[in-house]
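Student: Here is how the chains run, residue by residue.
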Amino acid sequence: MSRAAAAVDTYVDAINTKDVEKLLALFADDGVLLHPFGTFTGRDQLRQFYAGIVMQADTKLTVGARAAEGDVAIAEVTGVSPQAPDDPQHACDVFQVDDAGRVRRLAIYYRNVAGR
Amino acid sequence: MPTIADLRQKVSETQTEPAEAMTRELLDAGFDPMQVLEEGIMQGLNDVGNRFAAKQAIVLDLVRAGVTAKACIPLVEEKLPRGKTPKNNKKIVLGTMLSQHNIGKNLVGTLLSIGGFEVVDMGEKNTPWDFYETAEKSRADMIAVSVVFAPAMEKFSELLSLLEEMKVRDKYPVIVGGAVTSKAWAEKVGADGWGAQARDGVDLARGLLGIASQVDPCEGPA
Numbered sequence: 001m002s003r004a005a006a007a008v009d010t011y012v013d014a015i016n017t018k019d020v021e022k023l024l025a026l027f028a029d030d031g032v033l034l035h036p037f038g039t040f041t042g043r044d045q046l047r048q049f050y051a052g053i054v055m056q057a058d059t060k061l062t063v064g065a066r067a068a069e070g071d072v073a074i075a076e077v078t079g080v081s082p083q084a085p086d087d088p089q090h091a092c093d094v095f096q097v098d099d100a101g102r103v104r105r106l107a108i109y110y111r112n113v114a115g116r
Numbered sequence: 001m002p003t004i005a006d007l008r009q010k011v012s013e014t015q016t017e018p019a020e021a022m023t024r025e026l027l028d029a030g031f032d033p034m035q036v037l038e039e040g041i042m043q044g045l046n047d048v049g050n051r052f053a054a055k056q057a058i059v060l061d062l063v064r065a066g067v068t069a070k071a072c073i074p075l076v077e078e079k080l081p082r083g084k085t086p087k088n089n090k091k092i093v094l095g096t097m098l099s100q101h102n103i104g105k106n107l108v109g110t111l112l113s114i115g116g117f118e119v120v121d122m123g124e125k126n127t128p129w130d131f132y133e134t135a136e137k138s139r140a141d142m143i144a145v146s147v148v149f150a151p152a153m154e155k156f157s158e159l160l161s162l163l164e165e166m167k168v169r170d171k172y173p174v175i176v177g178g179a180v181t182s183k184a185w186a187e188k189v190g191a192d193g194w195g196a197q198a199r200d201g202v203d204l205a206r207g208l209l210g211i212a213s214q215v216d217p218c219e220g221p222a
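Taken in order, these protein sequences are the chains called L and W. When we follow my numbering, the leftmost residue of the first sequence carries the number 1, and every step to the right adds one. When we follow my numbering, the leftmost residue of the second sequence carries the number 1, and every step to the right adds one.
Don't read these hints as lab results, they were simulated from the structure.
Cut-off 27 Å, straight-line C-alpha distance, at most; resulting in silico cross-link-like pairs (DSSO-like, lysine-lysine):
#, chain 1, residue 1, chain 2, residue 2
1, W, Lys125, W, Lys183
2, W, Lys155, W, Lys188
3, L, Lys18, W, Lys55
4, W, Lys70, L, Lys18
5, W, Lys125, W, Lys188
6, W, Lys125, W, Lys90
7, L, Lys60, W, Lys55
8, W, Lys155, L, Lys60
Now the stretches of chain L that chain W is said to cover, found in silico as 3 or more residues with beta-carbon under 8 Å:
#, stretch
9, 46-58
10, 72-84
We put the beta carbon where it would ideally sit given N, CA and C, even for glycine.
Required output: the full structure, derived from the provided sequences and hints.
Tutor: Structural data, given as structure tokens:
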């Protein structure tokens, strides 16, 4: 498994177990998240976003189709929150990792939301 | 000077810090706290819920809107007329069924307390058995349930069945409210009352428990 592919699994596991430290350790020091809510750079901003918003939703992620090559992995991710169990959220997550396998850039694109 | 409609817009856009500042500004200017709460904060929250229902928002928008509302609500609560209503010796068990959401539940609890009721707040993620057990142990006079997502609706019906089964249904009037509920649904499943807004919980409790209104927590600024 490539480093980029492994990052996908670690990411999903960290979200599903609400392990924010594991999630932050996955990112490079200057790692960037590009999300419909904004751009979050570095661990402080990432912590605020993931611990304060994402993990509050108790979302469980599953990965559908995926591909990885070199330092890039692309995964089709479905998230289901107990707050809206009948409305799964679909996204395409694009990971770019550094030589150590840490995420230096993650871009998340939502599928089923108008305008996103 | 911002308006309550401006506050609703800020909450709807989940802009926490501007919404918080605007809430403070409106309250300092003498706006009715209940109006700020219901027409500004809660309507803004509802707007996000409606966008979610229309698939124009994601679950994270709901979470973020909750964060925004939770930042604003304590400012309103500070302005409510606490301590003006005599205690009425009626005890109400209050909790959220299944879900971790607590904004509406907490508001109802605050208004009930201000209205003179003793509130046994069970918190979030409760089961029907939790409500029954807490009501029995605390010798409550009424049960109030917050139902904010579909699976909890079924559990609410189970609560009513459980109370029947335990032969205590007549002992506890049961009221319900929350984002996914409606008056028609509440009547259909056999609830004793349904509230569209937090303040309705006080009116329902007074009506069902035979309490005459003395000071209305929803009357206006302290």
